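**Q** These are the residues of each chain, in order.
Protein chains: 6
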Amino acid sequence: MLNELSNAERAEVLTQALPYIRQYSGKTVVVKYGGNAMVNESLKQQVMEDIVLLRLIGVKVVLVHGGGPEISEMMERLGKKPEFVDGLRVTDKETVDIVQMVLAGKVNKTLVNLLENKGGRAVGLSGMDDRLIEAKVKDERLGFVGEITAVNIEPVSDLLERGYIPVISTIGCDREGNTYNINGDTAAARIAGALKAERLIMMTDIAGILRDRSDISTLIPEITVSEASTLREKGIISGGMIPKVECCIEAIRQGVRHVIIMDGRVPHSILMELLTDEGAGTMVSADRLGPKPGTEA
Amino acid sequence: MLNELSNAERAEVLTQALPYIRQYSGKTVVVKYGGNAMVNESLKQQVMEDIVLLRLIGVKVVLVHGGGPEISEMMERLGKKPEFVDGLRVTDKETVDIVQMVLAGKVNKTLVNLLENKGGRAVGLSGMDDRLIEAKVKDERLGFVGEITAVNIEPVSDLLERGYIPVISTIGCDREGNTYNINGDTAAARIAGALKAERLIMMTDIAGILRDRSDISTLIPEITVSEASTLREKGIISGGMIPKVECCIEAIRQGVRHVIIMDGRVPHSILMELLTDEGAGTMVSADRLGPKPGTEA
Amino acid sequence: MLNELSNAERAEVLTQALPYIRQYSGKTVVVKYGGNAMVNESLKQQVMEDIVLLRLIGVKVVLVHGGGPEISEMMERLGKKPEFVDGLRVTDKETVDIVQMVLAGKVNKTLVNLLENKGGRAVGLSGMDDRLIEAKVKDERLGFVGEITAVNIEPVSDLLERGYIPVISTIGCDREGNTYNINGDTAAARIAGALKAERLIMMTDIAGILRDRSDISTLIPEITVSEASTLREKGIISGGMIPKVECCIEAIRQGVRHVIIMDGRVPHSILMELLTDEGAGTMVSADRLGPKPGTEA
Amino acid sequence: MLNELSNAERAEVLTQALPYIRQYSGKTVVVKYGGNAMVNESLKQQVMEDIVLLRLIGVKVVLVHGGGPEISEMMERLGKKPEFVDGLRVTDKETVDIVQMVLAGKVNKTLVNLLENKGGRAVGLSGMDDRLIEAKVKDERLGFVGEITAVNIEPVSDLLERGYIPVISTIGCDREGNTYNINGDTAAARIAGALKAERLIMMTDIAGILRDRSDISTLIPEITVSEASTLREKGIISGGMIPKVECCIEAIRQGVRHVIIMDGRVPHSILMELLTDEGAGTMVSADRLGPKPGTEA
Amino acid sequence: MLNELSNAERAEVLTQALPYIRQYSGKTVVVKYGGNAMVNESLKQQVMEDIVLLRLIGVKVVLVHGGGPEISEMMERLGKKPEFVDGLRVTDKETVDIVQMVLAGKVNKTLVNLLENKGGRAVGLSGMDDRLIEAKVKDERLGFVGEITAVNIEPVSDLLERGYIPVISTIGCDREGNTYNINGDTAAARIAGALKAERLIMMTDIAGILRDRSDISTLIPEITVSEASTLREKGIISGGMIPKVECCIEAIRQGVRHVIIMDGRVPHSILMELLTDEGAGTMVSADRLGPKPGTEA
Amino acid sequence: MLNELSNAERAEVLTQALPYIRQYSGKTVVVKYGGNAMVNESLKQQVMEDIVLLRLIGVKVVLVHGGGPEISEMMERLGKKPEFVDGLRVTDKETVDIVQMVLAGKVNKTLVNLLENKGGRAVGLSGMDDRLIEAKVKDERLGFVGEITAVNIEPVSDLLERGYIPVISTIGCDREGNTYNINGDTAAARIAGALKAERLIMMTDIAGILRDRSDISTLIPEITVSEASTLREKGIISGGMIPKVECCIEAIRQGVRHVIIMDGRVPHSILMELLTDEGAGTMVSADRLGPKPGTEA
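Protein chains in written order, with this note's numbering: chain D, 1 to 297; chain V, 1 to 297; chain R, 1 to 297; chain L, 1 to 297; chain U, 1 to 297; chain W, 1 to 297.
Next up, chain D with everything else stripped away, as it sits in the complex (with noise of 0.2 Å):
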């Protein structure tokens, strides 16, 4: 269908942005970049193209990435086990050097590129660069799994301000000179806060926070942080999205104004969640509610 638009209509659809264009314009948007958005090639090109364009309209766009299917192959490559101790993976020496190496040599430079050849300008960063992110041991048995202790986020206002895109791995350093893995989300949260982000997008491989999670049609579109807290002492937040669920509380106590966990497996879902007047996924705000966006001051 959108073969046949002809040109006066295209122009006409880009009018009708016109007022969620001018909410965003010179605000920060965080995008955490995982799952399935990232290992699909189309939705790759997708996910590139909506940053670059909200690069181009005057949004300040931040890209942190994990990798971990990535990761998992080469570690099978090179003849590594994983071994996990109450759910989390441990990260020998070796391990968070194959980490390092394919978050911060492999995928991270793949985006950069990406977004250079869709026109963007980007500049990729580890936790390493300017010490962007500290860490420390989390739990012995985990190794190198850190624990961010500080977030210098200097290099990245250095680099929103020159105009160019950040991408950034979630690895940490400490002053011994190791690294660490560190959680993507968490690393997100702590970013977009250090910025007082506009919004931070958490790209999942799910609807949203479900009601009845058999049910897509039981999404909750809006939710407080208060709410969030109800809903997960009745046990309606369950599982993986607890956590998630915990670092969007966190973004917003340190002044992120709204964070959406957002369905990285529909099309342009950035675009649709920023520019259209439909979202994508779940939007988690402060207990007093600001206005809903596109309809702002």
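Read the hints as simulated data drawn from the structure, not as lab findings. In this text the structure is predicted, and so the values were computed from the model without any measurement. Mixed in with the good hints, there may be bad ones.
Pairs involving identical chains hold if they fit within one copy or between any two copies, as the list cannot separate such chains.
When the alpha-carbon atoms are kept at most 20 Å apart in a straight line, the in silico EDC-like pairs for lysine to aspartate or glutamate are as follows [claimed, not checked]:
#1 K93 with E41
#2 K93 with E73
#3 K44 with E176
#4 K93 with E70
#5 K44 with E9
#6 K80 with E70
#7 K44 with D174
#8 K80 with E222
#9 K93 with E147
#10 K44 with E12
#11 K44 with D97
#12 K234 with E161
#13 K196 with E161
Position chains V, R, L, U and W relative to chain D; hints supplied.
**A** Below, chains V, R, L, U and W alone, put in the same frame as chain D:
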């Protein structure tokens, strides 16, 4: 059909505009606005939307306007009867005062107000503000019809730099305190030239330059300065099109990259021209023709 | 006698202004201009000279103007008959259009042109430009007489910073595209307040506040806000002086240092007030009165 | 008569200076100060007032001073007897130390203090500060009389940019730690040249260049560089006027627009020259003479 | 012996470096880092100290690194067998991915981390970041061995300006999303040229250019571009030294002032070269040889 | 022994200073210079080297100097006999003129020249320049001995920002044109306080604060403000040390981080204090003592 578009399709349309947005980001576009596009209320709303959208995606837009019909109407209400010499309106002191009032007081401020309501930040200027347009008597018989003697582009650049959309009434001034009625096309060409604009868009009530004026299918989409001269010699460019094409050529001579004689009756013709692969009218370029818009490196 | 002055004496006069020039260098002065000083051509020339001189010696001057007589004249020419409710002019749509045309199109641009010809660099603004003055209906019976709801001082500051003299027509706008007839004194007070001006000069057709309105020798040269309240209770401040003094008090409340109700009929009264030891009218100040001008540290 | 001036007349005088103030706003004027204007206390006060006034109205003023009489007085007090070779003072190490102390320590700081008390912001410099004036021995027989080898104008520009009035003692330095007695006129010419000054004012104890030195009515108000050469060949320019005129020519050759040999004995001669239609002395200009001051576009 | 130094002697050593520090303050120095200096842990620590010290004393240092041994090691672990054509490594898609991962992910971030721990502020870049190094296939038989087609120095300048030490992995990119294995010496030469660096330091495992390769006492301390050509014709420069010297010459041709082929096996060789009177290797300069470092004006 | 150091060892010494250089980079250090370190020519050269080195490694250094011996010498040469009241020198008008000439004209410019010759960029200031030090009569019996009433730090900050080393003569001024003899320690403390300096270094002719003045081994290396009070009550701080310690306390009270009473007779004592682990004298700090220099985070 537009109403049937899903938001995902809308987002797709936005990303398809990416290469065009990238091309014009940070460039200057001067729009000469007049004729039907100015009288028809629905078209006017669309032109304002187009301009605000361009500004939000990083284009430095300047709006130069005329206002013939409003001037005539006010003259009639004040009991003034138009008089012509060689097809040019005789402009006595009283008439030029009416021109000034109507253009700088009514049309200009109404356009500024519309742009503001669409989400832009607009500031109106006339040729008197910081002596933007200095002029002298062109022909004693015509009274205060002005010939431009100097353009001081500084107030326009200052406003562009601060993020405003300058809206310019084409009235001239001299150092004796006189004001002049200035031809809008000429003023737009001079202003675009002084700004070394990427595009000067001349909104008109015709489809563009036609090989056969009775057959719209003979529209010439692109033409060089020397081709234009040839067409004029052959009489294909004739009548009211002659001064218009001369303005285009003058603008290119002063450093404007391309001038478009645009059909202002087509909805969203500005966005179509700049952000899709379809133009709306005739593009005049220097003899060593640059690449087509949208295909440039 | 002036003609007999030698150039050495002229130079001496200049140096005697030194302490005053020093005092106002870099400060902001808002001049509300109207009444006789605006109608009398010779006075008008002098006011323009005063303003350009202030700008050249480093004072940031803002000119806020009205234009009652020109409006009335144009209404008459267009066959409109003024109507009043409680002493306030009923302003229908047609009238507010005339107000806009005359103020923003005629008076404003004429003042800009005069300032330019005296050597200043002036740019005209109205309340529509970048929404400088937002307003709403004050009283349904009066039509488009506006009550100010917001002042966006940014376009004024931007112009001052670039070295221009902003010249402001007191018309208001709203987000529905309506325009409003705004009281000039109120607008000047709000603009001076937003700029935290050092001085607001209200040019009038009277000598200042008199203890006995029939005896000019009873002029009160300086008065505090609370003294003004007392005088009003006693009926010494009465009639048309009441709203004017209220504007002064509002301006001081918003951060203007001193307001002068100045006799605009006195030649060069602005320069006399600011650059000599003689004032021209009544200076209203906050209750904890600062030092006299010219004697400050 | 000045005392009889009303404040309105004073204001009128100020506005009559408008075209001149406009002309010099933002321009650089170097004043070489010495001779009688420096010794006579009342004249000194007036020169300081003139300079502070120029700075306040936006002129970038640089004060270059000598101090012959103070040096001689201090030498006498210290029991030093002047000695001359070919009319030039022999400057041994002890003498150059006295020159440095008197110029940089006494005269410079006294002038700085006076300018501050008149309301200016002044900072003193010598040729040693940031190596403003580098010099070498001019003639072995004369000891530490210096010939300028380089001028580093950066500290002067830095101070001007920050709004200060630089006050310069004409002492030179070399890279061995020696200091030099530098001719004040030469230093002023080099400094004005390096600043591409609009005016260099040489304050002297004579009326200017006279055709007949015994008849003040033969003063030459304006002269070009080649006319000056002719006059010198004819012997009309002779004696002490020769090196002074050579300095003027050198300054013009280096880019100064006009040099004025000014009668420093006339009160407020600087202001008269710059801010009225009357000069005070002889103006030297390049051969293709620019327009008269005050009549320029 | 160092341990016996008193602090007074240490301070004396520091001040003796003064003329050298002054010479390089604010200048750009590019260090190409590889070979033994990179493998030996103690030497690596010293190189990082040298670089951080240079940055702290105001030198703009850029670190360009290779990483051959780490690449070979990872290839072996992944079961890849090196293949060569004319002495150049065939780089298939899988190999270039390993190169990218090892250089940008492992070596780069490890160096960044070390510099941070020595007190510097470092940010890593690869040729993909803002398209720093664009390349194309050099020879079809070699696969993804790249020839540089363009260097975009802007991200490097931006980081230098903000006070960071840019650390660059020499990987290239193209607009189809391919990455390339780029020769480190060539990349360093192009980057130094684009920065118009004061010095390019090529760290190697040899003493420099020797007249007799078996006799270290025949080291040539300084050589011009044409002398280098002569030595090559004579066969004195031969083998692996030929492409290295060609890089030096290319760098000088592009505006680098001096290139040093430095013996990276000597501890603190960078500081010795820049901050003492002793070099460590061979300095290549343009034909009109500038003054020796440390003796310049 | 220094001569036997190899360049590699010299480089090693430089890198050992790294943590200290990092600590002071961008910080402000005020050096009060006087006494033996000023009279001994070799020590003077070393102090100048230390200061230039600090500036080159990014420390903002301010040099405040006295000049007692030179003043006395000049007074004697001019036949003036010192007179004292309560141990303070009576300063009549003639004496204060000599003080001004010697300090601002001789000592200041000689220091500026030395700093320049060591490679620094220095500009001299006195208390008169931009009214840096305003003062009033301290005690009628003492004449022009001044008590500081205000410090205008702006000219010092301006010079620091532009990269200059400000060299300050401690003479005061008032608004009547008088100059004052100002105690150097007091002036240095006030200037350091106004700059919120990281360190104020008081160069003296003693080893520091000693518990037993006859036994240098009783030197107190660090002391807090309240410990100093206790020591004074106990009589351990006595005599000329009392006013000096009071200056230290005043500086700390105004925001200086640490003050060092430094033994100026030790060569390179400034560099030893700041760039090695050995101090030279007594460090006075606020009561809640910060970490030792060199060990700070």
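**Q** Give me the numbers of the hints this structure contradicts, sorted from smallest to largest.
**A** 8 and 12
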